[in-house]
Amino acid sequence: MTVSPLVPPSPSAVAHRKSAGSETARTTQGNESPLQQVQPVADREITEQLNDEVRHKYIKAKKLGEGTYAVVYLGHLRTDPSSFVAIKKIKVNTEYKDGLSMDAIREVKYLQELRHPNIIALHDVFSSKDQNLNLVLEYLPRGDLEMLIKDSNVHYGVADVKAWMAMLARGVWFCHENFVLHRDIKPNNLLIASDGEVKLADFGLARSFADPYLNMTHQVITRWYRPPELLYGARQYSGAVDIWSVGMVFAELLLRVPFVAGNSDLDQITKICEAFGTPTEENWPSVSKLPNYIPTDGNHLVPLQGRDFFLRHFPTAGPVGADLLMSMCALDPRKRSTAYQALQHSWWSTEPRPTNKEDLPRKSGGTKKMGDDLTRRGGELDDQFKNAARQLDFAAMKG
Amino acid sequence: MIEDDFYRTSSQFRLWSFTEDSLRSLRRNTNTLASDRVRDALRRAREARKSASSSAVGTPNPNASDADSKTGDEKDIECLTPEEEQDLVRYFCEQIVQLGESYKPPLPTIVRATAIQYLRRFYLTNSPMTYHPKTIMPCVLFIATKTDNYYMSLRQFANGVPGDTSAEDIIAPEFLVMQSLRFTFDVRHPFRGLEGGIMELNAISQGLGQPAPHNLQQTSDDLRRAMLSLPLPPNTSSSSISDRLARAHHNAREILKSAAQMTDAYFFYTPAQIWLSALLLADRPLAEFYLDTKLGGAGPDPTHPLTQLHAKLLTTLHNCSTLLQSYKPLASDPDQKKAMRRIGKKLYHCQNPEKVNNLAGQKRIPAAAAATAATASANDHDHATPESEMEQIAKKRKVEGDARRKDDIFGGELVMERTRERQGS
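Protein chains in written order, with my numbering: chain A, 1 to 399; chain B, 1 to 425.
Since the hints were derived computationally from the structure, they do not count as laboratory data. The structure displayed is predicted, hence computed values, not measured ones. Please note that the accuracy of each hint is not assured.
[Unchecked claim] If you anchor each label on the Cβ, the simulated ranges turn out as follows:
| # | chain 1 | residue 1 | chain 2 | residue 2 | range |
| --- | --- | --- | --- | --- | --- |
| 1 | B | N202 | A | T68 | 57 to 63 Å |
| 2 | A | A210 | B | N202 | 18 to 24 Å |
| 3 | A | A210 | B | D264 | 28 to 34 Å |
| 4 | A | T68 | B | R155 | 34 to 40 Å |
| 5 | B | N202 | A | Q219 | 33 to 39 Å |
[What the hints assert, rightly or not] Which chain A residues stay away from chain B? Per the calculated CB distances, all over 12 Å, these:
| # | residue |
| --- | --- |
| 6 | L74 |
| 7 | H76 |
| 8 | S83 |
| 9 | A104 |
| 10 | K150 |
| 11 | D151 |
| 12 | N178 |
| 13 | F209 |
| 14 | L214 |
| 15 | G233 |
| 16 | E274 |
| 17 | R307 |
| 18 | T350 |
| 19 | K368 |
Glycine included, each C-beta is placed from N, C-alpha and C at the ideal position.
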């Protein structure tokens, strides 16, 4: 396994290996039965046999959550009831006549390729009788970062933020190194494993980097975490879009509220301008050529914010931390730091050291939260409303 | 070698890379399995018909063609060989290129290339005798539009498929295909690597080249001078370096679009090995120069790791380019065309009759109807198919086949039909 430039401290790496053995299913290799070793059985196609083998490895236990798009079950290995997995069953959408939906295709496509400690592991994929797709995912019982941010009973400090951010940055770096854009980074897509490791989840909006000059959609990333170039309708963009989201998560971890929470796309861009400064041709060359660029009249121009602004608003980060945050929040995507640059930043090696992941603050109720997170469709905008809807789902659910 | 580590985690390496022996035995295995099933199915159909006709003793048979087909079936059926199956699949890979070309605008090269690799992967564990490539081919192309971000609706896609192929026909085998792909959709192509290599060569030609880490005393100017003094590839007249690079780029890309897709290159070699081999074929001195900038030339010390790596890499690239060179397009080769017609006729007789209608059971269906379908496909498996149904299938195939065979081997070459339609309108 490739490791990021910022290598995790070795004691926790060892601990991770141990805990992975005892608490989560180690089934990745099981996916790999070489085709040529399959012995034909009367009247089963080779691929059907392989599928049956995979399906029989797991037992679905109880339902953890249900959304419009998927149902998530707690499951375990047939041979080892203590090795838990989450089984995400993607519903056959009767409305969608074009076969398997894009969300499902993207999620499966990228998770099959990305193996990294900070990315949710896809152990297996199998189909059940009714042609539903089942993703066997790593079991992440400690909920997500959103849960910790919002609960005022959970106390955490800058060393904890540093540990979480380092894990997030490594996961994002790995995606980008593999030419994959996540396009929906936000606190409730950052799930927490039993050993405290943060895992990037929900690849329903992910895609490979486009070739130069090819257009992509700008309708991605949940609004509060969406960078200005996407709000301005840019169709060609880079890993910098994810870095903006990482910066917004960083700010939210420090403030414990979303930093720029617009209630419409227009409001979002207004709030970004108020917070970080108004994009102009001077601070962001050719910004005015973006399709949805809105010129600001001269009287309302907010100057580009400097170091002192970040230090003033995020004192807990310290001057070095504020500098890293600022580098992630550059309006001009070309000036924003890359994941690699972020990992080279001196904040990580500045005191205080990041908390060991085993010692990070935790909170119960994570399993249910995981069920919630894994059933949500990517990029959903109205979080308040969706939360309400999900609570209804859970009220109807027994156990 | 960090990039190698990345590649080794890819599904292409984990699941879809083979040695020549392992690939051959896999194909043989698939072929044997399918042939046995075809023989069994035809025997069952024959026995069913026998018992049906014995129970109807004394009744004159009003349908003479039934008697014909019976004598045909009595002979032990000749199944396709693994080699014939491979030729057939290659033919349909070429059809993917043409079908993709016929859209307005044409489907991107990458979408077509992905579809071709899906089709090739599908037929490692499935036989054309079980699932006819003509039904699988449009489906893999549609899946590739989804996995490679070239969004179009099924309806829109179906409109581009000639003949009476409906949207439902196209999507019906989707789940079967995805399962055979083992739910891995990412295909690592050599195209982007080629673009990068050409950009580096262009930079060198403009005096902007970066020296390799093992040769830091080299300057950008040294690199440029070395490039300009390269011998020309055979059969070319001298031209400016930018023209030479453009020609090498174009020719290598053509090889990647054709030979790299139609041969087993993706199963045996990495994307980097494939594009470097294509560049070797397009302009050998230029490709060798490029490798030298990365690895250093064949140094004086044969035990030096870089020298050894260089030698090893050249052997691999040589083998890969030999494979790429072996490809001849069907359209330009009358012998292959003739052979394809023969294989097509053979396939007509050895299609597994029990699978002809089975795709209906693979259709994506509303949950409510799923139970019914499950029952239906269960019936398919216990061979309790009523005789009359078996016979109907056989008849249907015969009638359809007679109507189509006149002008074509597979019921109309898709794109040919399309061209005719266009000329007609």
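Against the structure, the hints come out as follows:
1. B:N202 <-> A:T68: 57 to 63 Å: With a Cβ separation near 50 Å, N202 of chain B and T68 of chain A fall outside 57 to 63 Å, so the hint is violated.
2. A:A210 <-> B:N202: 18 to 24 Å: holds (21 Å)
3. A:A210 <-> B:D264: 28 to 34 Å: Taking Cβ atoms as reference, A210 of chain A and D264 of chain B lie about 29 Å apart, which means the hint holds.
4. A:T68 <-> B:R155: 34 to 40 Å: For R155 of chain B against T68 of chain A, whose Cβ atoms are near 23 Å apart, the range 34 to 40 Å is violated.
5. B:N202 <-> A:Q219: 33 to 39 Å: Holds, since N202 of chain B and Q219 of chain A (Cβ atoms, about 35 Å apart) stay within the stated range.
6. L74: Given that every Cβ of chain B is farther than 12 Å from that of L74 of chain A, nearest at about 22 Å, it holds.
7. H76: For H76 of chain A, whose nearest Cβ neighbour in chain B is about 21 Å away, the distance exceeds 12 Å, so it holds.
8. S83: The claim stands: S83 of chain A keeps its Cβ more than 12 Å from every Cβ of chain B (closest is about 22 Å).
9. A104: For A104 of chain A, whose nearest Cβ neighbour in chain B is about 10 Å away, the distance does not exceed 12 Å, so it is violated.
10. K150: Non-interface label on K150 of chain A holds, nearest chain B Cβ at 35 Å vs cutoff 12 Å.
11. D151: Given a closest Cβ separation of 36 Å, the condition holds.
12. N178: Its Cβ does come within 12 Å of chain B, the nearest being 6 Å, so this is violated.
13. F209: violated (9 Å)
14. L214: violated (9 Å)
15. G233: holds (18 Å)
16. E274: holds (35 Å)
17. R307: Given a closest Cβ separation of 34 Å, the condition holds.
18. T350: holds (27 Å)
19. K368: holds (25 Å)
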